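Just so you know, the sequences run in chain order C and X. One point on numbering: in numbering that gives the first Met the number 0, the residue at position 39 of the first sequence is 38, and numbering is uninterrupted. One point on numbering: in numbering that gives the first Met the number 0, the residue at position 36 of the second sequence is 35, and numbering is uninterrupted.
Note that these hints are calculated values from the structure, not bench results. Treat the hints loosely; a few may be bogus.
[What the hints assert, rightly or not] Under the rule of at most 27 Å between Cα atoms (straight-line distance), these lysine-lysine pairs were calculated in the DSS-like manner: (1) C:K163 with X:K212; (2) C:K163 with C:K101; (3) X:K40 with C:K119; (4) C:K158 with X:K58; (5) X:K185 with X:K198; (6) X:K54 with C:K163; (7) X:K60 with C:K101; (8) X:K181 with C:K119; (9) C:K45 with C:K163; (10) C:K101 with X:K58; (11) C:K119 with X:K198; (12) C:K45 with C:K25; (13) X:K58 with C:K119; (14) X:K54 with X:K181; (15) C:K101 with X:K198; (16) C:K158 with X:K60; (17) C:K163 with X:K58; (18) C:K158 with X:K284.
Fair warning: this is a prediction, and the values are worked out from it, not measured in the lab.
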Amino acid sequence: MSETLEKTPGVKPLPRYADVSLIRNKFAETVQEIIEAVSEVTIVAKREGLVELMTFLRDEPSLCFDYLSDIGGVDLGEFASPRFAVAYQLYSLEYNHRLRIKVFLEEDDAHLPTMWSIWKASNWLEREVYDMFGVTFDGHPDLRRILMPADYEGYPLRKDFPIKGY
Amino acid sequence: MLRRPDPLADTLMTVSLGPQHPSTHGVLRLELVLDGETVVKATPDIGYLHTGMEKTMEKEKWQQVVTITCRMDYLNSMGNDLGYCLAVEKLMGVDVPRRAQDLRVLLTELNRLTSHLVWWGTHAMDIGAMTAFFYAFTERERVLDIFECASGARLHQSYFIIGGCRYDVPTNFLPLVADFLKEFPKYLGEAKKLVTGNKIFQRRTKGVGIVSKEDAINWGLSGPTIRGSGVNWDIRKAEPYSGYDTYDFRVPVYDGGDVWSRYLVRMDEMEESWRICNQALERLKEPGPVLSNHPKLELPNRDLMKQHIDVMIHHFLIASEGFTVPIGEVYQSIESARGELGYYIVSNGEERPYRVRVRAPSYVNLSALPAMVEGQLIADVVAVIGSIDIVLGDIDR
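So that you can see chain C by itself, here it is in the shape it has in the complex (with noise of 0.2 Å):
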């Protein structure tokens, strides 16, 4: 066996995450808390200046998160406040590094500003997380449901969404 082969330990090298401290400061309204767990960066956001948060995580040169790769839901359950979180997952194709926004939102007001002026990606993903979990984005281009039929009733990946029939 030759030597870089006994270098490489287990599932390692994880991927690197960003250097996110010069936001803290910049947007400390909307940044309420940066978590590093896991070797992954978290932070989470408030949904009041999302908008501008991601826009500048975008265009910054120094970190430069040009691509959106995933926006997931999560209902935290039917008695849980806030009731619902959303994760943005973003990579840097230039500095090959990642970061995950999340955002909580209660179930009585689960809105969230659309991405679609910043990464074109968003549109089907938020789509998704509209259709699973009821939570809609204001200005997305085109709203509708997209793995469920057009005119169907409630929210399949809700906690409170019954997984066998009635």
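Using the hints, position chain X against chain C.
Just chain X now, kept in the frame of chain C:
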């Protein structure tokens, strides 16, 4: 075909392509608004295969979920299992033995070959070259036999589990792979002669469905589709997993951004996958464990079980209750045959995942289809669909 009441009153015509059209690779429906032969507007309609797999995963134990992941993207099932296992292993902090990693790389790359073979056959057939399909499927059969030898199943293997591989491969596995790898370059050469050099095929694909580099990034394209637009990004190189950084291979990139460039990327990728397979095969000659010795992942030794009651209880607990994963969230992506396959997994410390979100590469790639085909001819729509290599099981989940 849906016609307006008075076709002469309006020159635009709405045509429904699919969901049963063979070129849509499954059940994709496209609502095309046509002006003569030119596509004015294209609206994809998906969801015909939606079976709520993300919801089902929340009801299965951690180790059982691999039987669902491999059924999402049925052409790249090994890769789907790998992504899920890597994500959970990252959350648990488990190291996978060397041999299990080499097996994973070998089988995932073989799976990439089968996936690209199916794409090659069907893409050529969409454009009108029937023969390629039969050659591709004959060759694919041989790889499926290899999968059957390793795992007992041809399509939905569920061979990778959290912590490594389910069991070691039988003794006839390595010779079977070696035979296949020895003959594959000859086959690939024939394939290139049959389709790549074909003038009609080139005319049908060059300059069709162009995506610029900036658009490709902004639309979130990934895999061979973005590499056909001149973006040098492969997760196997950028964020290596399973020891891909120790393999010698290159990432093919073409600048054209058209169907032809994406075709060339995939053809070259088959060659690179073949090279990786050869290297992995060499490493597999050394024996070793294929499952992590983490106490909750490896079943106890059977002889010890018969002697000690606590070992018996331990076995019973793993088999009946499963194991728990530390509270947390993780995002792990791999380079599947179609692009970035990401798993966003949330654990609340129980024996079932709280939420598994799958970032399906075909889903995001397909969302850019309207931008690729609008303004093109209707005959080119099937060429473009073929070139982004969608799998509807991956899109609808």
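Cross-check of the supplied hints:
For the given pair, C:K163 sits about 45 Å from X:K212 by alpha-carbon distance, which is inconsistent with the 27 Å threshold. This hinted pair does not check out: C:K163 and C:K101 have alpha carbons roughly 30 Å apart, beyond 27 Å. For the suggested pair X:K40 and C:K119, the alpha carbons sit about 17 Å apart, so the restraint of at most 27 Å is met. For a cut-off of 27 Å, the pair hint linking C:K158 to X:K58 stands: about 11 Å separates their Cα positions.
For the proposed pair X:K185 and X:K198, the alpha carbon gap of about 22 Å is at most 27 Å, so the pair holds. For the hint pairing X:K54 with C:K163, the CA-to-CA distance comes to about 11 Å; that is within 27 Å, so the pair holds. Under the criterion of a C-alpha separation no larger than 27 Å, the hint pairing X:K60 with C:K101 is consistent with the structure, at around 26 Å. Proposed proximity of X:K181 and C:K119 is contradicted: the alpha carbons are some 44 Å apart, above 27 Å.
Proposed proximity of C:K45 and C:K163 is contradicted: the alpha carbons are some 35 Å apart, above 27 Å. Distance check on the hinted pair: C:K101 and X:K58 sit about 24 Å apart at the alpha-carbon level, within 27 Å; holds. Between C:K119 and X:K198 the alpha-carbon distance is near 35 Å, which puts this suggested pair outside the 27 Å criterion. Taking the CA atoms of C:K45 and C:K25, the gap is near 14 Å; set against the 27 Å cutoff, the hint holds.
At roughly 33 Å between alpha-carbon atoms, X:K58 and C:K119 are farther apart than 27 Å, so this suggested pair is violated. At most 27 Å may separate the alpha-carbon atoms for a hinted pair to count; X:K54 and X:K181 exceed this at roughly 43 Å. In summary, the hint linking C:K101 to X:K198 is not supported, as the alpha carbons are separated by about 51 Å, beyond the 27 Å threshold. In summary, the hint linking C:K158 to X:K60 is supported, as the alpha carbons are separated by about 17 Å, within the 27 Å threshold.
For the hint linking C:K163 to X:K58, the alpha-carbon distance of about 11 Å falls within 27 Å, and the restraint holds. At most 27 Å may separate the alpha-carbon atoms for a hinted pair to count; C:K158 and X:K284 exceed this at roughly 48 Å.
Hints 1, 2, 8, 9, 11, 13, 14, 15, 18 from the earlier list are contradicted by this structure; the remaining hints agree with it.
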